[in-house]
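Enquirer: Chains A and B, in that order, give the protein sequences.
Going by the working numbering, the first residue of the first sequence is number 827, and it counts up by one from there.
Going by the working numbering, the first residue of the second sequence is number 32, and it counts up by one from there.
Read the hints as simulated data drawn from the structure, not as lab findings.
Keep in mind that the hints are not guaranteed to be accurate.
Unchecked claim - Straight-line distance between alpha carbons at most 20 Å, and here's what the computed SDA-like set of lysine to any residue pairs gives:
no.	chain 1	residue 1	chain 2	residue 2
1	B	K335	A	K871
2	B	K335	A	R833
3	B	K335	A	C860
4	B	K347	B	S308
5	A	K871	A	C860
6	B	K335	A	P978
7	B	K335	A	T976
8	B	K113	B	G126
Residues per chain, in single letters:
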Amino acid sequence: MSHLGDRLAALIDGELDHDARDRVLAHLTGCGECRREADAYRRLKAELGHLTGPPPSSELMHRLLSMAGPAGPMPRPAPTAPARNLLRPGRAGPGSFGASAAALAAGAHRGRGGRLRYALVGAVSLGTLALGASFAAGGSAGNGGARPVTPPVEVYAFEHAVTVGEVPVVYPGAGTGAVTTVVSTARP
Amino acid sequence: MGVRRPRGAARGGGALIAAVLAAVVTAGPATACPFALPPGKAVPVGGGGLPYEPGSSGDRDRSATEEEALALLEAAEAAARKTPYEGVQFVSSWGRGGARTVLVEVRHAPSYGTVVAVVGTPADPGSTMYARNDLATRSARLRGMSGTVLRLLGRNYLVAPVGEGSAAGRSSTVVEARRDDGSVAARFWVDRESGLLLRRQMFDEQGRVVRANAFIDLRLTRPRFTGHLPPAAPRPWEELLSRGDIADLRARGWTIPEQLPGGLVLVEGRTTVARNSPVLHLGYSDGLSMISLFVQRGKLDTAKFRAWQRAEFAGKPVYVRGGVQQQVVWAGPRHVYTVVADAPPSTVREAVTALPHQDRPGFWGRVLRGLERIGAWLNPFG
């Protein structure tokens, strides 16, 4: 134990103020024992500064990469999923088939019920569409394919007028013989 | 009534008499009035006989006053044919849509014919047409009654003079036609001087006026036709339907009722051809109302009637257009029907309801029909 105590480590770490450093340095010039202790501190500090963390193992690396994945929510790993098949050393990065297969395999257990639901919804939708289309197609009642007819009502109106002797309200000179009302008033 | 019917009244009595306001003539010898063919004239095209053969069944004994009233109406037709006159007449009808009126100027010269001019307005140009006088006249609303229509009037209504009145500023005899329940169905004003029919009103069962024809101005002077005559009015369809024709058409699926509700009976049948397909014109009357039914094969093109009013008569869809004439169009099972009528709206509604209409399937019926159509589209060779 040096004569300086914690002040020696503080000197080495640069944590002393100006006056305290002067007093510690003044003592080191006269005390060999404290000088040797100060050197030991300095070497230890230097060695600690060069140290780096241990590299992750390859297995951990692949697990992390597989988790990053293709995009999308991460499937919950199945308890019985054969994860080791995906974590081979040297496999490709994100988007690998293996990663997708892992996701599918992870969700296989839950998808079987979803497809059934989708199929049922699709069947109901198709049935409703077919029913609606049939209803629409059966709308305008036809005469089994008879041609559409537009009765010339104006011509008929004139034919009626000339046969019953009523005032002619159709105008043969108008071409179409349109029925025309000369004066029209609403009932008060 | 206990009064012996005058001899010879079985076929509607004496000569037909023209009345006022020639609508438009047009019938020729070959298409003479089906109500009373001139003696010696050729039988109309289509074989012997007429759709309506005035018979004695249904006729009832009439009193002297009834005979007098019917004679007045009969005489009005001859007066309209033989008397020169000119004047202005209105034709009005009332319905749910309000009142519609047409003003008509008439000039009649016995040796020439009749010029009828519908008065124009800023909204409607009006028009003028000419009807030759040498042709047999058709029964006119203000020209008195022909034999068949007169018989129906006497059969369905109690007709009697009820007193004196005034129309177009002239003294007249008023004749009423009453229903069996005593309500007034029509009134006629017959000019005491000339015998012309000056005014006519039709009433519904509630006593409301539904139709009126009347002179508002009349001058018993010979008109002068100066300048070129206006276009001639078209003739009615020339081919008459005989009873044999009617039976043949019925056998081929055409619906041709002998009677319609309200005392309407088939009084005339004509036919023409349009687009290589026959069209029937069937005339029904009860002596007052006149309804023309036009029938043609095919499917109604409803898209062309969007401007019409879509209504339902007893749950059956029809297209209606109001005016001085009532017009109704609808689809039957295999034919398209058109009614043009001068009749109370209730009479028209009952007649239309009694005629064939296309069935309206329910929900599943419509779905089944749609499936059949889709199948036909997908398999045109099926």
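Enquirer: Would you mind marking each hint as holding or not holding in the structure?
Expert: Results for each hint:
Our distance criterion of 20 Å between C-alpha atoms is broken by B:K335 and A:K871, whose separation comes to about 102 Å. The straight-line distance between the Cα atoms of B:K335 and A:R833 is roughly 110 Å, outside the 20 Å bound, and the hint therefore fails. The suggested pairing of B:K335 with A:C860 is violated, with an alpha-carbon distance near 117 Å, which exceeds 20 Å. With a C-alpha separation of about 26 Å, the suggested pairing of B:K347 with B:S308 is violated against the 20 Å cut-off.
Proximity of A:K871 to A:C860 is assessed by CA-CA distance (about 17 Å); at most 20 Å being required, the pair is judged to hold. With a C-alpha separation of about 11 Å, the suggested pairing of B:K335 with A:P978 holds against the 20 Å cut-off. For the hint pairing B:K335 with A:T976, the CA-to-CA distance comes to about 7 Å; that is within 20 Å, so the pair holds. Between B:K113 and B:G126 the CA atoms are separated by roughly 35 Å; this puts the pair beyond 20 Å, and the hint is violated.
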